[in-house]
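Trainee: Sequence:
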Amino acid sequence: MNITSKIQAVVGKVKGRDSKTPSVNPPPYIHDHTYRVSRLLSVVLLTLLLLLSIPALALKIYGYNFIETNGEMGFYLVNNEAPGPGEGNNMGDSLVAALPHNLFRVPEKLVLVVAMLNVLLSMAHLGFVAWDWRAGRRVGLQESKHTDIKLTNHQTQTRSFRRNSMALHVVNTILVLSALIGLSVAHKDSSTFDYKLIPQEPNALSPSGYRYYRYDAGTFDLETWTCELMNIPAVGDAMKDYSAQCQIEAAARMMLVPFFLATIAVTALSIWALVVGGRQLPHNEQLYTKDIDLEIGKQVQVEEVELDTLRPERQVDARLSKIEEGAEELEEAPKDATPPPVKAAKTLSESEGNTDEATKSPLSASQPTK
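The sequence shown begins at 3 in our numbering and counts up by one.
Careful, some of the hints might be misleading.
To be verified - The calculated SDA-like cross-link candidates involving lysine to any residue, where the alpha carbons are at most 20 Å apart (straight line), are:
(1) 242 with 78
(2) 198 with 174
(3) 111 with 64
(4) 198 with 102
(5) 242 with 70
(6) 242 with 252
(7) 190 with 229
(8) 198 with 241
(9) 198 with 218
(10) 111 with 77
(11) 111 with 238
(12) 242 with 229
(13) 242 with 232
(14) 190 with 174
(15) 242 with 111
(16) 198 with 111
(17) 111 with 174
(18) 190 with 257
(19) 242 with 73
(20) 198 with 219
(21) 198 with 101
(22) 111 with 97
(23) 198 with 80
(24) 198 with 250
(25) 190 with 242
(26) 190 with 250
(27) 190 with 105
To be verified - DEER-style ranges, computed between Cβ atoms:
(28) 67 with 122: 12 to 22 Å
(29) 133 with 274: 18 to 28 Å
(30) 165 with 45: 19 to 29 Å
Keep in mind the hints are simulated off the structure, nothing from the lab.
Since we're looking at a predicted model, the values are computed, not measured.
Glycine included, C-beta positions come from ideal geometry on N, C-alpha and C.
Could you put together the complete structure from these sequences and hints?
Mentor: Take a look at the structure:
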């Protein structure tokens, strides 16, 4: 038993010297060049995304408000002025609805929701980056003063944060692309206004019971409808309102192109941060063990994990587990395995001899002495 314990101690010492696993994880690489570049690009691109999201949201709010406000509004045809071949329609001073009967509403709402989500997402991500920068700056100041510090986890350095942010930005890019495609398809498939297609008889009824005309030929998007009516003299003073709304809708549609490019840039940066950050193993962004993926901040090594899992078994067997440890752990061999002293063995043999003699001559013990 002594020989086995000594052999295990020697093997443990040799393997303990060869092991390069540190007992304490190195600090986060808050001053690494790659991390600085990633943080700077994140600030620039997220700020650009926020600056593009706010105008897109504001413009689409104007468009949605125009639809909701003018849903039951209309304009009077001035002096029966009809352009071109539509002069045969003698409608007099008729009230025509401000919006057509068929209007693409889903793309407008989708762009509005996507712009709002991008405002919230970019602000939240910028908040995490700013928090990380302040924490890193505080650590840097303490290091310059040569004080004892305890490094904490920086939120944008962890693998889980980079993985989640990448997933969110990928989904966000898909949503922006869907909104852009939907708005472009609606604008391309939009019908054109024709004065002759205005119904000859009133086909709509107001809540107060007044009958009026509503254009019901084809389906329009708001941009096409307003841009077509701003050039018709029969619309009268409503031409100014249609002209202003036409410019707003055109600007909102053009704003989606750089908006989409900004989301692509932010998504590409998040993917790059996840891929490059996973390669920074010397900087200890993540530790891989046999069973679990230990991330930064969990000061546990492979040997400690296995030792904790096998510790109850060691207590039952009263001997070392099969895990190869250092010399300090191997010195914990049980002391009960050592042989008893020689003197104790002799006294035991003498006592046994006395008992044997007593059994051989039982009458000698009872014989009285003279």
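Trainee: Quickly compare the C-alpha distance for residue 242 and residue 252 to 20 Å and report which way the hint goes.
Mentor: holds, 16 Å
Trainee: Does the structure keep residue 242 and residue 78 at a Cα separation of 20 Å or less?
Mentor: Roughly 14 Å between the alpha carbons, so the hint for residue 242 and residue 78 holds.
Trainee: For the pair supplied as a hint, residue 242 and residue 111, is the alpha-carbon distance within the 20 Å limit?
Mentor: Outside the cut-off at roughly 25 Å; violated.
Trainee: Below or equal to 20 Å on CA atoms is what counts here, so check residue 111 against residue 64.
Mentor: Given pair residue 111, residue 64 holds - Cα atoms ~12 Å apart, limit 20 Å.
Trainee: Could you grab the alpha-carbon distance between residue 190 and residue 105 and see if it respects the 20 Å cut-off?
Mentor: holds, 13 Å
Trainee: Would you mind confirming whether the straight-line C-alpha gap from residue 111 to residue 77 stays at or under 20 Å?
Mentor: Distance ~26 Å between residue 111 and residue 77 Cα, so the pair is violated.
Trainee: Next pair to validate is residue 242 with residue 232; report whether the Cα-Cα distance is within 20 Å.
Mentor: holds, 7 Å
Trainee: Holds or violated: are the alpha carbons of residue 190 and residue 242 at most 20 Å from each other?
Mentor: violated, 24 Å
Trainee: Under the criterion that the straight-line Cα-Cα distance not exceed 20 Å, is the pair residue 198, residue 80 satisfied?
Mentor: holds, 16 Å
Trainee: CA of residue 111 to CA of residue 174, is that 20 Å or under?
Mentor: Status holds; Cα separation ~16 Å.
Trainee: Sort out whether residue 238 lies within 20 Å of residue 111, counting only the CA atoms.
Mentor: Measuring from Cα to Cα gives roughly 30 Å; hence the hint is violated.
Trainee: For a C-alpha distance cap of 20 Å, please report whether residue 190 and residue 257 respect it.
Mentor: holds, 17 Å
Violation of the numbered hints given earlier is confined to hints 2, 10, 11, 14, 15, 16, 22, 24 and 25; the remaining hints are satisfied by the structure.
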